[in-house]
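Chains as they are written, first to last, in the numbering used here: chain A, 1 to 225; chain B, 226 to 450; chain C, 451 to 671; chain D, 672 to 892.
Treat the hints as calculated values from the structure; they're not laboratory data.
Even for Gly, the Cβ is constructed at its ideal location relative to N, Cα and C.
Be a bit skeptical, because a hint or two may be false.
To be verified - Here are the simulated SDA-like pairs of lysine to any residue, each with C-alpha atoms no more than 20 Å apart in a straight line:
id, chain 1, residue 1, chain 2, residue 2
1, B, K312, C, G621
2, D, K821, B, A379
3, A, K140, D, E690
As the list claims (entries may be wrong) - Counterexamples of contact, computed for chain A against chain D with all Cβ distances above 12 Å:
id, residue
4, Q74
5, D78
6, P79
7, F81
8, D83
9, R186
10, E188
11, G189
12, E191
13, A195
14, E197
15, A199
16, G217
To be verified - Every beta carbon over 10 Å from chain A, so not counted as near; a handful from chain D, in silico:
id, residue
17, P800
18, R806
19, R825
20, D869
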Amino acid sequence: MADTEKNHPHDAGHHHHHHDQNFTDPPPDPALRAMALESLLVEKGLVDPAALNQLIETYETKVGPRNGAKVVAQAWTDPDFHDWLKKDATAAIHSMDFTGRQGEHMRVVENTDAVHNLVVCTLCSCYPWAVLGLPPTWYKAAPYRARAVSEPRAVLEEFGTTLPDDVEIRVWDSTSEMRYLVLPQRPEGTEGWSAEELAALVTRNSMIGVETALAPGQSKSGDAA
Amino acid sequence: MADTEKNHPHDAGHHHHHHDQNFTDPPPDPALRAMALESLLVEKGLVDPAALNQLIETYETKVGPRNGAKVVAQAWTDPDFHDWLKKDATAAIHSMDFTGRQGEHMRVVENTDAVHNLVVCTLCSCYPWAVLGLPPTWYKAAPYRARAVSEPRAVLEEFGTTLPDDVEIRVWDSTSEMRYLVLPQRPEGTEGWSAEELAALVTRNSMIGVETALAPGQSKSGDAA
Amino acid sequence: MNGAHDLGGTQSIGAINPEAETEEPLFHSEWERRAFAVTVATGALGQWSIDRSRFARERQHPVDYLRNSYYENWMAGLETLLLEAGLVTAEELKAGKSMTSEKPAASQNCLTLEKLESVLKAGSPADRPESTPPRFTVGDRVRVKLVNPKGHIRSPRYVRGHVGVVQEFYGSHIFPDRSAEGDIFGAPLYNVRFEGRDLWGDSAESQALYIDLWDSYLDPA
Amino acid sequence: MNGAHDLGGTQSIGAINPEAETEEPLFHSEWERRAFAVTVATGALGQWSIDRSRFARERQHPVDYLRNSYYENWMAGLETLLLEAGLVTAEELKAGKSMTSEKPAASQNCLTLEKLESVLKAGSPADRPESTPPRFTVGDRVRVKLVNPKGHIRSPRYVRGHVGVVQEFYGSHIFPDRSAEGDIFGAPLYNVRFEGRDLWGDSAESQALYIDLWDSYLDPA
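Start from the sequences, fold in the hints, and give me the full structure.
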């Protein structure tokens, strides 16, 4: 019996996949792919090479987490701005001239002794470009996107951040065009510091919520990670 | 501003993944992996090479869909057996000596003019070995497992099987150790046929539910697929 | 666990492309034969349940699980099981050679040629005396719990949260969630019908799902 | 759609392994710079919405989506968008060369250096006049619909079926499900709080999820 199944050795000795793609092949070389795309788009008049270079330059030098750090330091030093930021973050942040793409609609969530906020985008990689620039690789990769919502404490531990059990962790999943910025707690021992001095304590990671702001004298680094 | 982000070219020109694995590497060669596993297990006394060969021989020659075809043909020709099969498929099938692994707990689901049954295992690849042998590759692969439950009509079309809109499709997802066998409809024009003649019309695919049984004179093939 | 194995309802997953029934070989290469045989044979050592072996495959990274062919997933799972049972070391797996002259105690359970036929014939029935009485009966409306456990579970994600009707009580079968952790006992098992349109929307008229679910997966609805 | 992009709650997905903030470059290679720039620049052509571009990335096979690095997914999505908009052909993409001397009409919208600063500054606000009045108000209990659409949706699978409480009404924002199909209109958007233990079990005490959800994703609870 079962004779339809025997005598078909087909022993090719290698993979035999029945997908449309063969996942044992390496993916196309991304550098060649990017070059082909750009050449073609330039030739078609769909992109302007000078604008591409300026676009890259803008995000490499102008739009980055120092913007957000200024917002945070301002909130720490100016109670009126702090209130405005919590009530209408979009207007408050735009007033500092941090406007534009991925910052059109802003909301600031504030850390306290009782609440710690953490921002993620499980569905893609939404991130407040206008105040933080382009997101780091880990923010866009699968492990953070998968785990930040289901086990935020374990995720925070991987950044060296341990919170007391009774602190409520609020995870903000950026599913709409609303962009979230964490307002970290002002570090102790910074009484009388200027906004400029304070801004140096405000790391990008503290504004995503995976770390706290630096303590005075603490160097910014990912040592803990 | 954003000065922490510039002047770090790191242009390695190739992939820079932050996974534990690097998915651009090809997976290990399965033939070498199988050989290493078997050698090690033999050396440790955990498997008996003679038993391995006999195991393969058993499923290549003894346990296969001809078993199931006999069950179906018997049900088509013997009303008492048909009733028994529907009431207690395990006992009825075991009475034909089709017993053992992945056939310990059987249930037979019958196609009618109003109902068509389809079997899948979305979570792994559960399959009634005792009556159908080992499953085909497509049954174990992601597309069938993903789509059989959510778009069974589209799946059936890919096997060349079109059902009237008013036929209810029942999809059996094999989440437990209960194993499902579809009892296809007896083809028209087979009045007076013997069980042996009828069994030749019963394809493996008709007992999974992705096709109907063959009509008299129709050759068993995957032409439609 | 929420893993890549839980495929029901996944989209953009490609065409089925079945090989013709009359043309597909049972194995597509010699190594598949060997991977099949060593997996089945080591299962008979009694060192792990079928649930534990499923869980070992599921715990792979989603990319590995989905790009592996079927028997590659079996091999990956078997390697995990052997390591976790302490029967082999990672070095031994890599070398394909034992690093000790001592044979593990489990080798006494080796599936020998002599034992093979009776072991295959006996199979591994999953019915077990009931530990708890069934809470539901045929005709009851039940809602599948919306849970996200980290361990093994046989309640597929696509049906969690949905309401169905109990069709049949199958008696008490080994409860897979705990069996995957080595704790073997029975729990009431039902077959439950769900309407396709409840799960997939109006395009799924004339379509029903029949799913086997254990008592503790369900709430009254 | 139920695809690999919908990652919330996926397990066995590995460690985060963040690069140190002070050490990670903004781009890890020159091709990432170019992939970033062409994607942002072509977005300004007005041929597709951000929702459509997300949907183009999501529709990849799960293995491709998950093993690709971030900007590889951007390139894959951009190729799909360009093809579907009829701006390029598959042959042209392969060759990296135009097969026609005619420039597409969309080239009139090319993001030139002159326009760049004002376009970046303006951004793309997503608020739109309301098409329907909001059905919910702050404090309302809502249940996320347990749906499995084939199209784009921004209601993550891990929250579907669960009950939360409306925290804030954000006004009317472009509805992504239809925007991905080219139909741009506003719908009420809320921020909704869910308790961690409802989603993940008792181990998720002291944990809450805040998720932005459109009106039609919700039912009263």
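Verification of the hints:
In summary, the hint linking K312/B to G621/C is supported, as the alpha carbons are separated by about 15 Å, within the 20 Å threshold. Annotation: proposed proximity of K821/D to A379/B holds, straight-line Cα distance about 14 Å (limit 20 Å). With a CA separation close to 13 Å, the supplied pair K140/A and E690/D stays within the 20 Å bound. At roughly 21 Å from the closest C-beta of chain D, the C-beta of Q74/A stays outside 12 Å, upholding its exclusion from the interface.
Non-interface status of D78/A relative to chain D is upheld: no Cβ of that chain comes within 12 Å, the nearest being about 24 Å off. No beta-carbon of chain D is positioned within 12 Å of the beta-carbon of P79/A; the least distance is around 23 Å. Every CB of chain D is more than 12 Å from the CB of F81/A (nearest about 21 Å), matching its label as outside the interface. Every C-beta of chain D lies more than 12 Å from that of D83/A, the closest at about 17 Å, which supports listing it as non-interface.
Interface exclusion of R186/A from chain D stands, the closest Cβ pair being 19 Å apart, more than 12 Å. Taking the minimum C-beta to C-beta distance to chain D, about 22 Å, the non-interface status of E188/A holds against the 12 Å cut. With 12 Å as the threshold on Cβ separation, the claim that G189/A sits away from chain D holds: the shortest Cβ distance comes to roughly 22 Å. For E191/A, the shortest C-beta to C-beta distance to chain D comes to about 26 Å, beyond the 12 Å cut-off, and the non-interface label holds.
Here A195/A stays apart from chain D, with its beta-carbon at least about 21 Å from theirs, past the 12 Å limit. With a least CB separation of 19 Å from chain D, E197/A remains clear of the 12 Å interface cut-off, as annotated. The Cβ of A199/A lies farther than 12 Å from every Cβ of chain D, with a closest approach of about 15 Å, so its non-interface assignment holds. No beta-carbon of chain D is positioned within 12 Å of the beta-carbon of G217/A; the least distance is around 16 Å.
With a least beta-carbon separation of about 15 Å from chain A, P800/D lies farther than 10 Å from that chain, consistent with its non-interface assignment. The claim that R806/D lies off the interface holds: its Cβ sits roughly 17 Å from the closest Cβ of chain A, which is beyond the 10 Å cut-off. Consistency note on R825/D: stated as away from chain A, yet its beta-carbon is not over 10 Å from all of that chain's, at 5 Å minimum. Residue-level check passed: D869/D sits 12 Å from the nearest beta carbon of chain A, beyond 10 Å.
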